[in-house]
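Participant: Single-letter residue listing:
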Amino acid sequence: MAAVSGLVRRPLREVSGLLKRRFHWTAPAALQVTVRDAINQGMDEELERDEKVFLLGEEVAQYDGAYKVSRGLWKKYGDKRIIDTPISEMGFAGIAVGAAMAGLRPICEFMTFNFSMQAIDQVINSAAKTYYMSGGLQPVPIVFRGPNGASAGVAAQHSQCFAAWYGHCPGLKVVSPWNSEDAKGLIKSAIRDNNPVVVLENELMYGVPFEFPPEAQSKDFLIPIGKAKIERQGTHITVVSHSRPVGHCLEAAAVLSKEGVECEVINMRTIRPMDMETIEASVMKTNHLVTVEGGWPQFGVGAEICARIMEGPAFNFLDAPAVRVTGADVPMPYAKILEDNSIPQVKDIIFAIKKTLNI
Amino acid sequence: MRKMLAAVSRVLSGASQKPKCDLHRLEEGPPVTTVLTREDGLKYYRMMQTVRRMELKADQLYKQKIIRGFCHLCDGQEACCVGLEAGINPTDHLITAYRAHGFTFTRGLSVREILAELTGRKGGCAKGKGGSMHMYAKNFYGGNGIVGAQVPLGAGIALACKYNGKDEVCLTLYGDGAANQGQIFEAYNMAALWKLPCIFICENNRYGMGTSVERAAASTDYYKRGDFIPGLRVDGMDILCVREATRFAAAYCRSGKGPILMELQTYRYHGHSMSDPGVSYRTREEIQEVRSKSDPIMLLKDRMVNSNLASVEELKEIDVEVRKEIEDAAQFATADPEPPLEELGYHIYSSDPPFEVRGANQWIKFKSVS
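Protein chains in written order, with the working numbering: chain A, 3 to 361; chain B, 149 to 518.
Incorrect hints may appear among the rest.
[To be verified] Covered, in the sense of this in silico footprint (three residues per stretch, anywhere, with C-beta under 8 Å from a C-beta of chain B), are these stretches of chain A:
| # | segment |
| --- | --- |
| 1 | 78-90 |
| 2 | 95-103 |
| 3 | 123-131 |
| 4 | 167-178 |
[Unchecked claim] Derived EDC-like pairs (lysine to aspartate or glutamate); straight-line CA-CA distance at most 20 Å:
| # | chain 1 | residue 1 | chain 2 | residue 2 |
| --- | --- | --- | --- | --- |
| 5 | B | K515 | A | E279 |
| 6 | B | K211 | B | D484 |
| 7 | B | K372 | B | E504 |
| 8 | A | K221 | A | E47 |
| 9 | A | K131 | B | D170 |
| 10 | A | K229 | B | D500 |
| 11 | B | K314 | A | D81 |
| 12 | A | K77 | A | E53 |
| 13 | A | K229 | B | E504 |
| 14 | B | K513 | A | D277 |
| 15 | B | K515 | A | D277 |
| 16 | A | K131 | B | E504 |
Hints in this document: simulated from the structure, not taken from any laboratory. Source: prediction; values computed, not measured. Virtual Cβ for every residue (Gly too), placed ideally from N, Cα, C.
Please model the entire structure based on the sequences and the hints provided.
Facilitator: Right, dumping it as structure tokens:
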């Protein structure tokens, strides 16, 4: 008996030694996730975590989402949680707000925010103002999300940026993710927030992959609403942006770095409540400011930043007037050359930075 | 004498017969007879009288400039708010537009809190932040200022009822003026498609502000306007009609058949709001005729007295008690202080840590607490 077990035991030791020698561990390739998949993941995790969360909108269920952002969710969660609506923005936005008042946690998708104008009364008068008007009795835990701003060749009625319009209103929170990490962290925070949150996504960013840091892969990964991120440290000038233009700012910064100009690029992440502290601290360091946005110049996000800089401690640190880079002050044209020149390009950002720095 | 009457009447209850309601896509309507117990009768009487006197007190306070802004009174329409409440449970839900003081009371708030909200004091139900059109209570979602917007909201509350699976229904009210809003038809469509337990209720008081129904609607059969949604038209001045119709409608919704539409034919004595005398688009004779023939409180009183459910003296006693309650509430509403200025920024966001809110200039800051 002992002889047999001895026979068995020795080969095992030899085998395990073999195993140790043959197999070795390599670091995994950095995880790349598109913005679309990041939003999808974020919604999926929150739907799983809290059964009061549900998604409604046009084509979100059986079509997998007009832009495939909600792909797979209907198959997983079914008709009760993922609801296809008729083309009735005012009606279904109101239904979503009512459901939120009654204690559910709806995600209301607008196919694009241009269509939210049909429903804007429900967003502002029924959702944003209610907690205040009721003296704190009636919260409205709702998320309005969808693509915002310019796309490619979709012309005037489908290209408007609503950051300034929604950012104007007390009672709303407004976020504007740029990359995948932003998209996942912000949609999760928005869904968990007990207030109406407008999430301004960007259609052109949906398909863009970004490296997903390990912490972003957690089911509890949240990005706080109201906090900006410094994407790139710099010393000569502060460049503040939100959404897709953040990428253009980083491109401009890379070009300028070769010429010895170091830009500090701030990704706002949240439009309201705006993180002025981060912007001010940066301006007090660099003494120069350029804001970059896709929306129209009048009464825009950049205009608000400039006004607040003037009112705060950073004004005295400016060595030049603050400058805005924005979309052109026209309804978006269709022809490519016209459209390209109606949104801020990298060259426009570089030009504005050099003008501000007087170089 | 009264005690004896009371003892006998507790056993007695009145039976009432009414003509059938007009029906749309319904084989049967609510029952044409019902039983009114003395207890219920007295309760309804007291509630309607309270709403009546509360609205008249609001009229008075408005003329004294103690109430400001918009003030839309519902005197004449008491059978609607009291009758609807009698037909549902406290766990059901209700939402209406801006002529909401009566519903705020029937849904459970006190006259004190309502009047103090009208006078903009800190003891108001919304701490003075909302005013006449923005009062909220448990399972009562206002009080909504934008005509028609409350209807999709109500359908959404009904969606939540269905989602939660608790057999609750949502009463979603709107007026004859609002009935022409597009978003109401969007709500009809989705409620029917998804079989939401929503009772759409058109409170037809014949005038949308200064515009009569004939001048505003191509079809004034509001109970049919839901098209594929079954409907019924109800005498909104008779509280028992309203109650029975509501019970019928609620049972319909609770059975999972989907939404239903009720038109309550009613009348407001006041103009559209306090700035409208209400006689430029209708005659004083018309108003007087409704008062003398169809006043809801008078109708209930006559019915109770004629069935020996209560004596005239008894009801007069209730009148006296109600008057006192209203007086006390008005006293409170006039004496209570305004909300503290420091709280101007409160209640912007729910469940958030405190932050700063900008005032009229950059140096004026208000703290915002949830």
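Participant: Could you run down the list of hints and mark each one as holding or not?
Facilitator: Cross-check of the supplied hints:
1. 78-90: Answer holds; 5 residues pass the 8 Å Cβ test.
2. 95-103: Since 9 is at least three, the answer is holds.
3. 123-131: holds (count 4)
4. 167-178: Held - the segment 167-178 of chain A has 3 residues with a Cβ nearer than 8 Å to chain B, which meets the minimum of three.
5. B/K515 - A/E279: 17 Å, holds
6. B/K211 - B/D484: 19 Å, holds
7. B/K372 - B/E504: 51 Å, violated
8. A/K221 - A/E47: 6 Å, holds
9. A/K131 - B/D170: 39 Å, violated
10. A/K229 - B/D500: 14 Å, holds
11. B/K314 - A/D81: 18 Å, holds
12. A/K77 - A/E53: 16 Å, holds
13. A/K229 - B/E504: 15 Å, holds
14. B/K513 - A/D277: OK: B/K513 and A/D277 at ~17 Å, within 20 Å.
15. B/K515 - A/D277: 17 Å, holds
16. A/K131 - B/E504: The hint holds at about 17 Å.
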